[in-house]
Amino acid sequence: MNPFRIAVVQSKRDPYNQQQNTKAGLAFVHKAKTKGADMVLFPECWITGYEFPDLNKPYADLEDDPSFIKWRDEALTKESPHVQAFCDLAKQLQIAIVITGYTKGEKAPRNSAFVINKAGEIAFQYDKVHTCDFADEKMLESGNSFHVSNVDGVQIGIMICYDREFPESARILMLKGAELILVPNDCETMAPRVQALSTRAFENMTGVVMANPPRENAGCSCAFSPVCWDEDGLAVDNTVMMADETSEGLFMANFDLDELRNYRKKE
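Counted the way our numbering counts, the sequence shown spans residues 49 to 315.
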């Protein structure tokens, strides 16, 4: 057995306090290490919060609005102290981290995830491709590509929240070599979305792990294995981990990489 242990954070964060969110996030990383985790996965926009300026004006007029400018200027970069704090702790504890927040784009912030390896290096930054132009996310700048990278011996891909509602997102990541697809998330009405993630794991032969903040009609952080039947051809439950809607804390998703890789070779 070659286990890869992911600690999934299901917790609330402050809407605007980056310092407080960083402190809370670092505490979760310490706790994950005591549980033997190889990696920690945070929900969507953990450091910055997933809030937007309250602006009742056309999107084209946002660039000159002081509230929009302040929000844009508070977006993160790889060099931001809050991001570097997670890099430093990853190196200190020898644990990988997927930490999230708004990042600086060309004209507006992006919704991003930094994938940090056990050496404290940023393996890659993923910018959410499918932003919701029918909602406040229209203020964001979309990413334009999906990435997969070897992170401490495992091929890791990322998709963020709304990305998972497009089957092509997971398929592209699989075709690029992903063994595990990690999903920082922040939304509600989770039942059909959880079912879709189970399907993404099955049809792409990848592990899938999702982190979502807790509240009524939300939460349900989960993980699914691609292995949907045993060596005798009998169906098995591919659920690795499933949280409830409202509990806060760390939920462990353990993947047997030998089993996963052997299954992928045969299927």
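Don't read these hints as lab results, they were simulated from the structure.
C-beta atoms are modelled at their ideal positions from N, C-alpha and C, and glycine is treated no differently.
One should not assume that every hint holds.
27 angstroms max Cα-Cα, derived DSS-like pairs, lysine-lysine [said to hold, decoys possible]: (1) 152 - 83; (2) 186 - 118; (3) 152 - 60; (4) 166 - 152; (5) 166 - 126; (6) 155 - 83; (7) 126 - 81; (8) 60 - 139; (9) 155 - 186; (10) 224 - 314; (11) 155 - 126; (12) 118 - 71; (13) 152 - 81; (14) 79 - 60; (15) 166 - 118; (16) 166 - 81; (17) 139 - 155; (18) 79 - 126; (19) 166 - 186.
Derived DEER-like restraints, expressed as beta-carbon distance ranges [as the list claims (entries may be wrong)]: (20) 101 - 244: 28 to 34 angstroms; (21) 125 - 216: 40 to 46 angstroms; (22) 225 - 265: 32 to 38 angstroms; (23) 294 - 82: 40 to 46 angstroms.
Hints versus structure:
About 34 angstroms separates the Cα atoms of residue 152 and residue 83, which puts this hinted pair outside 27 angstroms; it is violated. Restraint check: the Cα-Cα separation between residue 186 and residue 118 comes to about 17 angstroms, which is no more than 27 angstroms; the hinted pair holds. For the hint pairing residue 152 with residue 60, the CA-to-CA distance comes to about 23 angstroms; that is within 27 angstroms, so the pair holds. For the suggested pair residue 166 and residue 152, the alpha carbons sit about 25 angstroms apart, so the restraint of at most 27 angstroms is met.
For a cut-off of 27 angstroms, the pair hint linking residue 166 to residue 126 stands: about 16 angstroms separates their Cα positions. Between residue 155 and residue 83 the alpha-carbon distance is near 41 angstroms, which puts this suggested pair outside the 27 angstroms criterion. Between residue 126 and residue 81, the direct Cα distance comes to roughly 23 angstroms. Compliance with the 27 angstroms bound is thereby established for this hinted pair. The straight-line distance between the Cα atoms of residue 60 and residue 139 is roughly 25 angstroms, inside the 27 angstroms bound, and the hint therefore holds.
Restraint check for residue 155 and residue 186: the C-alpha separation of about 12 angstroms stays at or below 27 angstroms, so the hint holds. Proximity of residue 224 to residue 314 is assessed by CA-CA distance (about 19 angstroms); at most 27 angstroms being required, the pair is judged to hold. Proximity of residue 155 to residue 126 is assessed by CA-CA distance (about 17 angstroms); at most 27 angstroms being required, the pair is judged to hold. In summary, the hint linking residue 118 to residue 71 is supported, as the alpha carbons are separated by about 22 angstroms, within the 27 angstroms threshold.
Simply put, residue 152 and residue 81 have alpha-carbon atoms about 30 angstroms apart, too far for the 27 angstroms limit, and the pair is violated. Proposed proximity of residue 79 and residue 60 is supported: the alpha carbons are some 16 angstroms apart, at most 27 angstroms. Restraint check for residue 166 and residue 118: the C-alpha separation of about 33 angstroms exceeds 27 angstroms, so the hint is violated. Straight-line distance between C-alpha atoms of residue 166 and residue 81 comes to about 12 angstroms, which keeps the hinted pair within the 27 angstroms bound.
Restraint check for residue 139 and residue 155: not satisfied, since their Cα atoms lie roughly 33 angstroms apart, outside the 27 angstroms limit. The straight-line distance between the Cα atoms of residue 79 and residue 126 is roughly 24 angstroms, inside the 27 angstroms bound, and the hint therefore holds. Under the criterion of a C-alpha separation no larger than 27 angstroms, the hint pairing residue 166 with residue 186 is inconsistent with the structure, at around 34 angstroms. Checked against the given bound of 28 to 34 angstroms, the beta carbons of residue 101 and residue 244, roughly 31 angstroms apart, stay inside it.
In this structure the hint that residue 125 and residue 216 lie 40 to 46 angstroms apart at CB is violated, the actual value being about 29 angstroms. Take residue 225 and residue 265: their Cβ atoms lie about 35 angstroms apart, and the range 32 to 38 angstroms holds. Between residue 294 and residue 82 the beta carbon distance is about 24 angstroms. The supplied range of 40 to 46 angstroms is therefore violated.
Of the numbered hints given earlier, the model fails hints 1, 6, 13, 15, 17, 19, 21, 23; all others are met.
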